[in-house]
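The residues making up each chain are set out below.
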Amino acid sequence: MTEARHCDDILKAAFPAVRQNDPVCAKSSHFLVPKDLLPAITHYIHTQPSLRGRLTLLWACDHRPVRDTYGLYYLFTLEASHHWVVLSTELAGTDRLFPSITPHIHAAQWYEREIRDMFGLIPQGHPDLRRLVRHEHWPKGTHPLRKDFSWDCVLGRQQGEHRFRHIEGEGVFEVPVGPIHAGIIESGHFRFSVAGEPIMQLELRHFWKHRGVEKLFEEQTLIGAVPLAERVSGDTAVGHSLAYCQAVEALLHLEVPRRAKYLRSLFLELERLYNHLADIGAICHDTAYALAHAHCDRMKERIMQLNDRLTGSRFLRGVMRVGGVTRDIENAQLTEIVEELNRIQPDFSEVGAIIFANASLTDRLETTGILHEQTAWDHAVMGVVGRASGMNGDLRRDRPFAAYDELPVNVALYRYGDVRARLRVRGDEIQESIRLIRELRGRIPEGPIANEPSCSPNPGDWTLAAVEGWRGEILYMVMAGEGGRIHRCKVRDPSFVNWPAIQWAVLGNIIADFPLINKSFNLSYAGNDL
Amino acid sequence: MLEATTLIVAQTTVLLAVSPFLVGLIRKVKARLQLRRGASILQPYADLAKLFKKQPVISTTTSWIFTATPYIVFASTLTAGLLVPTFTSQTPMNFSGNIIALVYLLALGTFFLILAGLDAGSAFGGMGGSREAIVASLTEPAMILSIFAIALTAGSTNLSTVVHKTAVLEGIMTDPSPHLMALAALFIVALAETGRVPVDNPATHLELTMIHEAMVLEYSGRHLALLEWAAGLKLAVFLSLITNVFAPWGIATTVAPAAIGIGLLVYIIKIAVLAVLIGVLECMFAKLRLFRVTDLLGVAFILALLGLLFFYILRS
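Residue numbers (this note's numbering), protein chains in the order written: chain R, 1 to 530; chain E, 1 to 316.
To be clear, the hints were calculated from the coordinates, so they are not data collected in a lab. Be careful, since some hints might not be right.
[What the hints assert, rightly or not] Partner residues are not named here, just some residues of chain E that face chain R (Cβ under 8 Å, in silico):
{"no.": "1", "residue": "R36"}
{"no.": "2", "residue": "P198"}
{"no.": "3", "residue": "L206"}
{"no.": "4", "residue": "F291"}
[Claimed, not checked] Here are the simulated distance ranges between beta carbons:
{"no.": "5", "chain 1": "E", "residue 1": "I269", "chain 2": "R", "residue 2": "M200", "range": "48 to 54 Å"}
{"no.": "6", "chain 1": "E", "residue 1": "G121", "chain 2": "R", "residue 2": "K27", "range": "54 to 60 Å"}
{"no.": "7", "chain 1": "E", "residue 1": "R37", "chain 2": "R", "residue 2": "M200", "range": "41 to 47 Å"}
{"no.": "8", "chain 1": "R", "residue 1": "Q503", "chain 2": "E", "residue 2": "A10", "range": "56 to 62 Å"}
{"no.": "9", "chain 1": "R", "residue 1": "P127", "chain 2": "E", "residue 2": "Q55", "range": "47 to 53 Å"}
{"no.": "10", "chain 1": "R", "residue 1": "L216", "chain 2": "E", "residue 2": "K53", "range": "43 to 49 Å"}
{"no.": "11", "chain 1": "R", "residue 1": "L216", "chain 2": "E", "residue 2": "T294", "range": "52 to 58 Å"}
Positions of the beta carbon are idealized from the N, C-alpha and C atoms, including for glycine.
Whole structure, please, built from the sequences with the hints as guidance.
Right under this line is the structure:
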């Protein structure tokens, strides 16, 4: 608390014009900031050595029909205390302009372009105002998250061309890759400028399959939107649904039983396990080292079959609900999980030893696709990718949720930022997840697995929830509407933040190594393209 | 004349029949080593049959080179195959060419493949083409030198003579070191030329990492079938070359039916063993970084050169 007061005092002393508001959730401060002051105060929070705020989320909200304003919200995580600082401002009347913070804070660039596309608010001074989410064929003036845009409206098409950044010179070629690929991967376009093999520039063009997820949330009730959250990114069903449930529970002032919290941690770790195993196999596969791939896939399959036996879903769908979990895991089943993990762990340790002892593989992984610590900080990169580049952050430790307040997590941290470091982070986290599940079985209390919600929130109440999914931090902002419905739900998969960082990690690498670098990031296209 | 014609027909049939088997065998070995059941060894035959039935799709921006390339590649590889002894030490086209002809027949196919890759105008074709050009230009000297090391011991650049002399142990030096050096060099060359791990990955779906696959990315239907078959043939040619030049024993040195029968059986066993070896190697190594491939091929060249030097040192 003293930490919190400390940062509040610093901010109020530096900017007397800000007004402090009630905090929206635990370990956070909320300030109302005049619009013109935004660049200065965000820059201050970002660079002030005692604060070092990382831009964690930036979202907008159409407050109609309650009041005719647009709200802009900036969430910073302070580096030392992991305290959240929310800044908010309002654009009233016909005002559609807000000052861009991108010139000072690089991490804001996609958020501000997204807000421009979805709300039609213009970030003044943004260096790159090309469309991001709304591709050029979307008709002019369509801004789906405005309240006057109906969710089932059918859009026409218009002519338009996306202008890529060009590098010109002798022997410089552009290589367009995607959005249709040879393998079974999602749609993303990568535009390389290469001089021979080395990559001089990479530009991403994503958002090919906009599903309108955030708009669809606004058609749902608070209680009923869990299945939608599960489907934001198919491989992160638990992470997304858990973050969503936590947000709604905070709005409903609903306490979750201890047993349910433990089970939530269990499901989250099982999800982490099968995805990390798949990733390690896939990274090896991209270097044509098929042996490790085959073994990792075998272990992943065993975890998925375990998931199926436990929950009826290989992807752990349908286990979360607001107020707890939908199904109990009996003690016999917990024993079964631990026994299965006891069989997998030596297997995995052996495969890991083979992977890291193989000279030909090590040669491919080391120094490939280095994401420097400074670049990672500038882009607010986190999760697996961040922890491989020295970003020491893990919400399970920093802002404990579910049962992690009683289950301390050892965070894997590497600094080299190359493909091998990202592989190592995953390897360490697999071992740590297995350890956590073992410990969790010893500590899990008896009791109910869900509480029923009793009250409904006031329209306009909002809160934030964060979960450390297997890719990194998943954030949900949920604002309640009339009659238990959702007014606005902002979904932030870690992929949205980490994707732009790839553009820097590949520089100077050869184009033949790009698939490997991309695989070591393994970001979600769906979670990015809402 | 009749004998030569029969031999040409026989060897063509054997090469065409055996090459999909080799591809299927390598895949099967890899699958088994990865704990997979894997497709049948005969699957490549079924793939070819299916592809031949399909209509090829040809981009409107391509020139005649694109359509002609599959036939040129197939024909040149097959012709090269007829210059290499397989089950009998008599090569069918003995009269028309030697080792050097073999090397450049294969190079002709590569050259047209590169052209075709560029012709389709896709970014990947050009990329694959430029990579293939690097690999091909580095394998060629290593290949020629390693075969020369053998040719010197046998005193001829004619493969039939080389193989025949080795098979009957005539004029062969007691010290095998030039042979061993050349063998290692030629094996590396074979891996590079046939697009195997660690140089290329025939199983990849990643367009950006491909070499051979990137060049044939635009092909479909019977054109693709011809190219796949030609790739299998090239593998068979290299495996035949390696087995028969370095370990020709068992090969038919006369045209007696019994000798030919034994020769055929031994030949198939030998190349199958080599194919299994390639499959095992592919499971043990990751693919090299693209720019490390040159190092590997440099090693092949040096080995071949050492083989040559050893020949002179040992003779004097």
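Structure-based check of each hint:
no. : hint                        : in the structure
1   : R36                         : holds (7 Å)
2   : P198                        : holds (6 Å)
3   : L206                        : holds (4 Å)
4   : F291                        : holds (7 Å)
5   : I269/E - M200/R: 48 to 54 Å : holds (52 Å)
6   : G121/E - K27/R: 54 to 60 Å  : holds (57 Å)
7   : R37/E - M200/R: 41 to 47 Å  : holds (45 Å)
8   : Q503/R - A10/E: 56 to 62 Å  : holds (58 Å)
9   : P127/R - Q55/E: 47 to 53 Å  : holds (50 Å)
10  : L216/R - K53/E: 43 to 49 Å  : holds (45 Å)
11  : L216/R - T294/E: 52 to 58 Å : holds (53 Å)
Comparing the model with each earlier hint shows no violations; every hint is respected.
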